[in-house]
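Chains as they are written, first to last, in the working numbering: chain D, 5 to 206; chain X, 5 to 206; chain B, 5 to 206.
To be clear, the hints were calculated from the coordinates, so they are not data collected in a lab. Where hints are given, some of them may not hold.
Stated by the list, open to error - Derived CB-CB ranges, DEER-like:
#, chain 1, residue 1, chain 2, residue 2, range
1, X, Gln-204, D, Gly-178, 48 to 56 Å
2, X, Thr-74, B, Leu-190, 26 to 34 Å
3, D, Ala-158, X, Lys-72, 42 to 50 Å
Stated by the list, open to error - Covered stretches of chain X, going by a simulated chain D footprint (3 or more residues, C-beta under 8 Å):
#, segment
4, 73-85
5, 100-113
6, 154-164
Backbone N, C-alpha and C fix where the C-beta goes; we use that ideal spot for every residue, glycine too.
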Amino acid sequence: MQTNGVSITWLGHATFKITSPSGKVVLIDPWVNNPVCPAEQKTIDKVDLMLVSHGHFDHVADAVSIAKATKPTVAAMVELAGWLQSKGVENTIGFNKGGTINVDGIKVSMTHAIHSGSTEDGTYGGEPVGFVIEFENGFKLYHAGDTCAFSDMAIIGELYQPDVALLPIGDFYGTPAALSDALHSLGLQDVEVVAIKPGQTI
Amino acid sequence: MQTNGVSITWLGHATFKITSPSGKVVLIDPWVNNPVCPAEQKTIDKVDLMLVSHGHFDHVADAVSIAKATKPTVAAMVELAGWLQSKGVENTIGFNKGGTINVDGIKVSMTHAIHSGSTEDGTYGGEPVGFVIEFENGFKLYHAGDTCAFSDMAIIGELYQPDVALLPIGDFYGTPAALSDALHSLGLQDVEVVAIKPGQTI
Amino acid sequence: MQTNGVSITWLGHATFKITSPSGKVVLIDPWVNNPVCPAEQKTIDKVDLMLVSHGHFDHVADAVSIAKATKPTVAAMVELAGWLQSKGVENTIGFNKGGTINVDGIKVSMTHAIHSGSTEDGTYGGEPVGFVIEFENGFKLYHAGDTCAFSDMAIIGELYQPDVALLPIGDFYGTPAALSDALHSLGLQDVEVVAIKPGQTI
Numbered sequence: 005m006q007t008n009g010v011s012i013t014w015l016g017h018a019t020f021k022i023t024s025p026s027g028k029v030v031l032i033d034p035w036v037n038n039p040v041c042p043a044e045q046k047t048i049d050k051v052d053l054m055l056v057s058h059g060h061f062d063h064v065a066d067a068v069s070i071a072k073a074t075k076p077t078v079a080a081m082v083e084l085a086g087w088l089q090s091k092g093v094e095n096t097i098g099f100n101k102g103g104t105i106n107v108d109g110i111k112v113s114m115t116h117a118i119h120s121g122s123t124e125d126g127t128y129g130g131e132p133v134g135f136v137i138e139f140e141n142g143f144k145l146y147h148a149g150d151t152c153a154f155s156d157m158a159i160i161g162e163l164y165q166p167d168v169a170l171l172p173i174g175d176f177y178g179t180p181a182a183l184s185d186a187l188h189s190l191g192l193q194d195v196e197v198v199a200i201k202p203g204q205t206i
Numbered sequence: 005m006q007t008n009g010v011s012i013t014w015l016g017h018a019t020f021k022i023t024s025p026s027g028k029v030v031l032i033d034p035w036v037n038n039p040v041c042p043a044e045q046k047t048i049d050k051v052d053l054m055l056v057s058h059g060h061f062d063h064v065a066d067a068v069s070i071a072k073a074t075k076p077t078v079a080a081m082v083e084l085a086g087w088l089q090s091k092g093v094e095n096t097i098g099f100n101k102g103g104t105i106n107v108d109g110i111k112v113s114m115t116h117a118i119h120s121g122s123t124e125d126g127t128y129g130g131e132p133v134g135f136v137i138e139f140e141n142g143f144k145l146y147h148a149g150d151t152c153a154f155s156d157m158a159i160i161g162e163l164y165q166p167d168v169a170l171l172p173i174g175d176f177y178g179t180p181a182a183l184s185d186a187l188h189s190l191g192l193q194d195v196e197v198v199a200i201k202p203g204q205t206i
Numbered sequence: 005m006q007t008n009g010v011s012i013t014w015l016g017h018a019t020f021k022i023t024s025p026s027g028k029v030v031l032i033d034p035w036v037n038n039p040v041c042p043a044e045q046k047t048i049d050k051v052d053l054m055l056v057s058h059g060h061f062d063h064v065a066d067a068v069s070i071a072k073a074t075k076p077t078v079a080a081m082v083e084l085a086g087w088l089q090s091k092g093v094e095n096t097i098g099f100n101k102g103g104t105i106n107v108d109g110i111k112v113s114m115t116h117a118i119h120s121g122s123t124e125d126g127t128y129g130g131e132p133v134g135f136v137i138e139f140e141n142g143f144k145l146y147h148a149g150d151t152c153a154f155s156d157m158a159i160i161g162e163l164y165q166p167d168v169a170l171l172p173i174g175d176f177y178g179t180p181a182a183l184s185d186a187l188h189s190l191g192l193q194d195v196e197v198v199a200i201k202p203g204q205t206i
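Make a model of the complete structure from these sequences and hints.
The structure is reproduced here in structure tokens:
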């Protein structure tokens, strides 16, 4: 897997800590206290940009505490950004699907996802989303958020052409090996499936 | 129409009572007090599995009372399951689009639908959904919930290959006869359209 | 641009005032106090039909005041219609995606859009929508609401065949000239792109 100077660490569930070529830290869907995150990686000292895909507990649980400690820019769907702000998170950016923001040279586009999006309080947190992150050197990473399969993922591919995709699999593609098999049966032998482990960096 | 031992009764609107080959009763979108449900079918004595597609009154109106009386497993979008639980419904399962649960040998997959999903209280009840039910003998039934037409219904067909689909029609395909004509014009002569009547069982 | 007796005035942002061949005034997403609406066009004396695509401030800001002053029929997603009614708006029609209403000879179909839909109060206002309006003479106009690109816009084209589309562009197609270039590169030379100015009527 060529990541072109971008360091991608999986912390379990949908939580990824990504270090950009210039050393910026992007934290996505912060739930470091999930059962599989290695103990020594639960403490996050530095975050420059935090992205949250939707308001469910398993994607947002540690967002407020880490944001208060590390003071990143925090970008999310407009309703969820407002909710985070209401919890004392500063420097929030609320935007919507199809929109792109530029945070100190890192571009983030918000993509469609099909799921639900309440907050921990039971209020409406806007629609669930995914993100395409374009790093300073042009390397592009797609984090799908929580979603079922949908054909307009093809639009995401066409518009953004991500180099790597972080995908939630399970009920249908099952294991990474099954996803790889499915891709091969579609003639997509050049797509590399990486079965990353919690705490592992690629 | 071959239903392979599965008995499907339409109780009007989106309400269906389905008996599985092993005698389990599945009740979908319980609103038996709708104007067209025959009086003698308004009383439901036994439900093993209740599915609710979204929180609108015409899909959930009798869910709480029937669930309290018959004690089924009740499965719905996670936010709606939480709402039902808050009304005193027990044995709820909250899941999300693309997910599959197995309730005593009956598999239920939650599918996408395009509509809105508030609860009777005006709160956010998650996104509206459809269901694909796979009965003990492999027979598969798709209940689309409330939805407009969307092309990713093709994904539902591809992934689950349902044997029968319960579809809300009206504004575009109009009558069952018009739907049948539309299917024929697309060369889909082998799709049988059944214009079921309230209270009728197929 | 042939508009067949339909007069289309852009008032900035997503706000359009449209006069039908028979003289009826349709006002969409009323936010006349937006920064670019010409001062002399901020006062709306007559509205027969008001349509609101979703509950965000920049689409609904002047809906209540204009509705109270001009007493139109006000049509929106069912949750948003309920919210408007709760603010004292009369003659609301709540419907849902895929549905069509007929208001004194003008047909309005509600279409899918991909965005979020809270109200100004932070409550759930249903899903965001677009509209296809068929005027008395058969001329059809599509107002996409706020949405990212999605492939099922093709279904809207196929089912309704609109004559003109009011589209939110920006992040991807950018300027009207870029949209025109993109259409040309797809071989769609017969699609005319009109770069309308705030306050301008076509």
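We went through each hint and held it up to the structure:
As the Cβ distance of X:Gln-204 to D:Gly-178 is approximately 39 Å, the hint placing it in 48 to 56 Å is violated. Taking the beta carbon of each, X:Thr-74 and B:Leu-190 are about 56 Å apart, not inside 26 to 34 Å as hinted. About 45 Å separates the C-beta atoms of D:Ala-158 and X:Lys-72, a value consistent with the hinted range of 42 to 50 Å. A stretch counts as covered by a chain when three or more of its residues have a beta carbon under 8 Å from one of that chain; for the segment 73-85 of chain X and chain D the count is 3, and the coverage holds.
For the segment 100-113 of chain X, the proposed coverage by chain D is satisfied: 6 residues have a C-beta within less than 8 Å of a C-beta in that chain, meeting the threshold of three. For the segment 154-164 of chain X, the stated coverage by chain D holds: 5 residues have a C-beta nearer than 8 Å to a C-beta of that chain, and at least 3 were required.
Hint check: violations occur at hints 1 and 2; the rest are consistent with the structure.
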